[in-house]
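Those sequence lines, one after another, are chains V and D.
Residue 1 is where the first sequence starts when you use the working numbering, and the numbers rise one by one after that.
Residue 1 is where the second sequence starts when you use the working numbering, and the numbers rise one by one after that.
These are computed hints drawn from the structure, not numbers from a lab.
Cβ coordinates follow ideal geometry from the N, Cα and C atoms, glycine included.
Take the hints with a grain of salt, since some may be wrong.
To give a feel for the contact side, a few chain D residues facing chain V, derived at Cβ under 8 Å [said to hold, decoys possible]:
{"no.": "1", "residue": "Phe-91"}
{"no.": "2", "residue": "Leu-288"}
{"no.": "3", "residue": "Gly-298"}
If you want the ones that stay clear, here's a sample from chain V, every Cβ over 12 Å from chain D, calculated [claimed, not checked]:
{"no.": "4", "residue": "Leu-23"}
{"no.": "5", "residue": "Leu-24"}
{"no.": "6", "residue": "Gly-96"}
{"no.": "7", "residue": "Ala-139"}
{"no.": "8", "residue": "Tyr-210"}
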Amino acid sequence: MSYANLSPEVRRFIWPIAGLVLLLLVNVLISPEFFQLEVKDGRLYGSVIDVLNRAAPVALLAIGMTLVIATGGIDLSVGSVMAIAGAVSASLIVSGVDNIALIIGGGLLAGVAAGFVNGFLVGYFGIQPIVATLILMVAGRGIAQLINAGQIVTFHHDAFAFLGVGYFLGLPFPIVLVIITFVLVQLLMRRTALGLFVEGVGANASASHYIGINDKLIKLMVYCISGLCAAVAGMIAAADIGGSDANNAGLWLELDAILAVVIGGASLMGGRFSIFLSIIGALIIQTLTITIILSGVPPKFNLLIKAAAIIIILLLQSPEFHRQVARFRKRRGA
Amino acid sequence: MFNRKFLPLYVTCSLFSLLFLAGSVQFENFGTLRVFMNLFTDNAFLIITAVGMTFVILSGGIDLSVGSTIALSGVIISVLLQAGWHPLPAFAVVLVLGTVFGAVMGAIIHYYKLQPFIVTLAGMFFARGLSSVISEESVPIMHEFYDSAAMFAFELPGGAWLGSSTIIALLVVVLAIVLANFTRFGGRVYGLGGDAHSAALMGINIARTTISVYALSSFLAALAGIVFSFYTFSGYSLAAVGVELDAIAAVVIGGTLLTGGYGYVIGTLFGVLIMGVVQTYISFDGTLSSWWTKIVIGLLLFIFIALQRFLVRRRR
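Given the sequences, and given the hints that come with them, work out the whole structure.
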């Protein structure tokens with residue numbers, strides 16, 4: 001059975017997964033103990049767990065970003081929303097709130113509010129997504145600093161810290177949160193018609209409107225989900241360091257999240273989406289970073305390698321590139 | 001002679017005057033030529049970058065790589081100077097490299113039909129990565145030419161100065177206005193941004209225009225990098241982080257339509273000045289913290305985007 005016979009669905013899945021497998025193979029070759037897992041005190045330790053754990057914030061952002069990109073949008077504000085959610089939770093703890101539900105609820109509420117602003121601007125105002133979310137990207141860090149009064153707010157709260165450093169069934173809790181979020185969003189999208197609506201709006205917003213899909217509401221919804229995911233990621237980041245740093249929390253993670261979705265094979269023009277592949281994309285980014293470290297290449301080459309990876313992936317996805325390759329092959333064959 | 005066409009421009013200019021007036025009324029020494037000239041001196045590199053961004057946005061694209069291009073040119077200059085070069089050939093090298101860099105991005109965007117957003121994002125990683133590979137530490141610049149170039153200034157009345165960076169920035173603005181509104185190239189850029197399909201049908205060479213626009217933007221970013229090194233006297237791979245966002249914000253506040261095809265270079269100049277006034281106001285006040293700058297700029301962005309929306313609807 002050759003590549004050409006595979007269904008498009010399978011083909012879509014093959015590339016990102018092959019990429020991840022290839023990277024993992026390279027890692028094993030460089031460092032044979034890469035896949036070794038240890039159980040200490042009922043907790044799993046090992047390089048793989050480490051990769052999963054570190055990829056968790058980007059994976060969470062990528063879940064929300066996948067839906068946003070599927071509607072043909074983009075959400076640049078997720079990094080700033082992470083900072084806001086972290087700041088809200090931190091300030092609640094510092095002001096003496098002890099109820100974990102309230103603390104987490106506050107962070108989530110901030111995320112939904114941010115998503116609502118983005119979604120409202122994009123859906124109901126009809127503003128270009130890049131620009132609409134740029135507003136919160138710029139202003140968001142200012143708002144987070146305002147909440148923190150310009151300080152790095154540190155706190156001590158065991159239940160909240162669990163979000164970042166806790167273990168559940170032997171796994172670091174951030175990984176568990178990614179799994180829970182993935183399952184919830186996947187159920188919401190694929191067990192109801194919502195996923196189809198999202199793809200419809202992304203493929204053609206006005207056609208979807210005419211067949212009776214409330215395209216504005218769908219857009220509002222995906223930005224709210226993206227805000228929620230960012231809030232969870234932001235609280236993990238804050239819980240991890242036991243503090244809220246408005247300047248650095250989630251800095252540049254919006255770019256990694258977009259990259260993860262693109263690596264997962266989604267088109268920035270909207271339409272078809274796969275949350276699973278986006279998470280694979282997030283894992284590829286994190287594995288690549290580890291590969292660079294393991295292979296002894298100085299970390300300063302990190303960004304260059306990332307840039308090369310983006311361009312290669314973009315070219316592989318570009319139909320024009322395929323045509324050029326086909327022409328080239330023909331010429332050599334003739 | 002009130003022309004509807006210039007309405008966003010009027011709004012931007014009046015907002016600038018209003019903010020400057022408000023500051024002058026409230027604070028002693030605010031409404032002076034000195035403070036006004038300092039707006040240019042402090043933001044010269046941003047003005048130059050934002051002018052390049054204006055062309056990109058007019059053509060319907062976006063360029064996220066400008067901030068890291070500024071850093072990269074600073075690093076290259078400082079390393080070349082350490083190797084014993086004279087600044088002038090180093091400047092030439094940086095400007096040529098910058099132009100080529102932009103042209104390559106433009107070519108990738110055009111020929112592979114990729115989104116400008118993601119290609120220039122890769123460009124941003126590339127330039128930032130290359131500068132940290134060249135040098136991770138900040139490289140100091142020591143050269144007599146630099147001292148005289150950076151210190152060069154005409155004295156104006158009231159203790160104000162017209163420095164070399166300001167002169168370069170104003171020159172760029174004037175040339176850009178001519179390029180945008182009085183040359184064929186400018187017409188092509190507006191046409192491409194207005195409707196790429198119609199532009200192609202009218203015989204506009206889309207490939208050449210797209211590549212030139214990104215080459216111009218990166219060229220100006222490299223020039224901004226040179227001006228930026230006049231302030232810092234060093235090249236640092238982490239310099240000018242986030243300048244691309246400031247530049248985009250300035251263009252939007254300057255009244256340029258983000259969908260392309262409508263806007264003016266002079267508006268962008270005022271966009272930068274407005275951001276500068278906000279910053280100056282906050283530093284004069286002293287009790288407001290610097291993060292208010294970000295919030296105010298976010299609010300201004302929102303207001304101008306809403307205004308654009310309103311105007312576009314009215315026109316239809």
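Hints, one by one, checked against the model:
Residue-level restraint check for Phe-91(D) is violated (minimum Cβ-Cβ distance to chain V is 24 Å; threshold 8 Å). Taking 8 Å as the C-beta contact cut-off toward chain V, the hint placing Leu-288(D) at the interface is violated, the least distance being around 11 Å. Satisfaction of the interface hint for Gly-298(D) is found here, the shortest Cβ-Cβ separation to chain V being roughly 2 Å, below the 8 Å cut-off. The claim that Leu-23(V) is not at the interface with chain D holds, since no C-beta of that chain comes within 12 Å of its own (minimum 18 Å).
Consistency note on Leu-24(V): stated as away from chain D, and its beta-carbon is indeed over 12 Å from all of that chain's, at 23 Å minimum. With a cut of 12 Å on Cβ distances, Gly-96(V) stays outside the contact zone with chain D, its closest approach being about 24 Å. For Ala-139(V), the non-interface assignment is contradicted: its Cβ lies about 2 Å from the closest Cβ of chain D, within the 12 Å cut-off. For Tyr-210(V), the condition that its CB be more than 12 Å from all CB atoms of chain D holds, with the nearest at approximately 19 Å.
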